[in-house]
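Trainee: What follows is each chain in one-letter form.
2 protein chains.
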Amino acid sequence: MAENVIVLGIDPGSVVTGFGVVALENGRMRAVSSGITRVSSERPLSERLQHIHSEVIRQIEAHHPDMVAVEDLFYAKNVKSVLKLGHARGVILLAAAQSGLPVHEYAPRAVKQSVVGSGAASKDQVASMVSRLLGLEQGTLEADEADALAVAVCHIHRMSGAPVR
Amino acid sequence: MAENVIVLGIDPGSVVTGFGVVALENGRMRAVSSGITRVSSERPLSERLQHIHSEVIRQIEAHHPDMVAVEDLFYAKNVKSVLKLGHARGVILLAAAQSGLPVHEYAPRAVKQSVVGSGAASKDQVASMVSRLLGLEQGTLEADEADALAVAVCHIHRMSGAPVR
Numbered sequence: 001m002a003e004n005v006i007v008l009g010i011d012p013g014s015v016v017t018g019f020g021v022v023a024l025e026n027g028r029m030r031a032v033s034s035g036i037t038r039v040s041s042e043r044p045l046s047e048r049l050q051h052i053h054s055e056v057i058r059q060i061e062a063h064h065p066d067m068v069a070v071e072d073l074f075y076a077k078n079v080k081s082v083l084k085l086g087h088a089r090g091v092i093l094l095a096a097a098q099s100g101l102p103v104h105e106y107a108p109r110a111v112k113q114s115v116v117g118s119g120a121a122s123k124d125q126v127a128s129m130v131s132r133l134l135g136l137e138q139g140t141l142e143a144d145e146a147d148a149l150a151v152a153v154c155h156i157h158r159m160s161g162a163p164v165r
Numbered sequence: 001m002a003e004n005v006i007v008l009g010i011d012p013g014s015v016v017t018g019f020g021v022v023a024l025e026n027g028r029m030r031a032v033s034s035g036i037t038r039v040s041s042e043r044p045l046s047e048r049l050q051h052i053h054s055e056v057i058r059q060i061e062a063h064h065p066d067m068v069a070v071e072d073l074f075y076a077k078n079v080k081s082v083l084k085l086g087h088a089r090g091v092i093l094l095a096a097a098q099s100g101l102p103v104h105e106y107a108p109r110a111v112k113q114s115v116v117g118s119g120a121a122s123k124d125q126v127a128s129m130v131s132r133l134l135g136l137e138q139g140t141l142e143a144d145e146a147d148a149l150a151v152a153v154c155h156i157h158r159m160s161g162a163p164v165r
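Sequence lines, in order, name chains A and B.
Counted the way this note's numbering counts, the first sequence spans residues 1 to 165.
Counted the way this note's numbering counts, the second sequence spans residues 1 to 165.
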């Protein structure tokens with residue numbers, strides 16, 4: 001894959017959502033920006049969704065990604081959590097569609113497999129490997145931030161057909 | 001309750017979403033507008049969510065409701081349906097928040113109880129009672145349209161503290 005691309009990775013949550021922008025330039029990956037946005041679970045749900053939606057739009061306007069990669073959900077969680085996460089994912093997918101960007105979804109297992117080489121990798125292993133792949137200092141990433149970068153890395157791996165270092 | 005209000009009732013669905021605008025004027029309820037919007041389940045989810053979001057915004061701009069009443073979900077459904085419905089509800093709550101409107105949520109049982117007088121009422125009983133309460137011809141409402149009008153009627157009943165005819 002010769003082309004250069006920018007991928008916005010998102011780890012959706014109803015309280016904390018992680019963002020990670022990864023660029024692939026001349027066959028090398030680089031972390032452009034990453035972070036988390038938190039909104040108190042005591043705020044009304046509609047307000048929290050507005051916050052998440054605005055933050056996705058802001059990330060897209062700031063970094064001009066070519067596509068969005070979003071972590072899929074565990075279906076095993078309890079129904080109430082799934083419903084809440086569904087609301088958050090809904091406004092994230094909406095923001096991507098409104099910005100005309102294609103969305104790619106990856107199950108947590110697929111992300112771990114792609115980044116660490118094992119679908120059963122721990123959160124720490126994912127954060128450590130993401131830092132290594134992107135040349136970031138070890139131990140500096142928030143968990144949800146690392147997960148968002150990981151789903152972006154996973155998408156770049158999938159696009160390229162092989163791990164990119 | 002003396003004030004006149006306009007309530008936009010919404011019955012969310014990932015394929016069919018029902019809308020029903022009910023006005024309370026001088027102590028009497030009136031159906032202002034109602035209908036359904038359908039989007040093929042073969043379209044990408046992000047596109048379907050954009051369609052639902054735009055339609056909610058269009059309803060709000062057309063009818064200037066004072067508040068939005070949304071049907072809550074059955075928690076008993078299978079997790080995959082709950083997740084899909086969660087996405088749809090997410091963009092509906094977002095559209096209401098972006099328009100500065102308060103959102104009130106009612107469980108299907110509460111809506112049936114309020115409109116028919118029994119939480120176990122059938123879909124047909126709800127449609128029939130909604131038609132009667134709003135002076136609409138019997139048998140003309142789509143099921144999701146009737147449910148949307150019913151949740152608006154339920155909210156007006158709750159606001160008034162007593163059934164309004």
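I should point out that these hints are in silico values taken from the structure, not numbers from a laboratory.
Everything numeric in this text was worked out from a predicted model, so none of it was measured.
A couple of the hints might just be wrong.
Stated by the list, open to error - Lysine-lysine pairs mimicking DSSO-like chemistry, simulated, CA-CA at most 27 Å apart:
# : chain 1 : residue 1 : chain 2 : residue 2
1 : A       : Lys80     : B       : Lys80
2 : A       : Lys123    : B       : Lys123
3 : A       : Lys80     : B       : Lys84
4 : A       : Lys123    : A       : Lys80
5 : A       : Lys80     : B       : Lys123
6 : B       : Lys123    : B       : Lys84
7 : A       : Lys84     : B       : Lys84
8 : B       : Lys80     : B       : Lys123
Unchecked claim - Some but not every residue of chain B turned toward chain A, in silico, with C-beta under 7 Å:
#  : residue
9  : His53
10 : Ile57
11 : Arg89
Even glycine gets a Cβ: it sits at the ideal position worked out from N, Cα and C.
Trainee: Next, verify each hint and record whether it holds.
Mentor: Results for each hint:
no.	hint	in the structure
1	Lys80/A - Lys80/B	holds (12 Å)
2	Lys123/A - Lys123/B	violated (47 Å)
3	Lys80/A - Lys84/B	holds (13 Å)
4	Lys123/A - Lys80/A	holds (23 Å)
5	Lys80/A - Lys123/B	holds (25 Å)
6	Lys123/B - Lys84/B	holds (22 Å)
7	Lys84/A - Lys84/B	holds (11 Å)
8	Lys80/B - Lys123/B	holds (23 Å)
9	His53	holds (6 Å)
10	Ile57	violated (11 Å)
11	Arg89	holds (6 Å)
In the structure shown, a violation is registered for the earlier hints numbered 2, 10, in ascending order.
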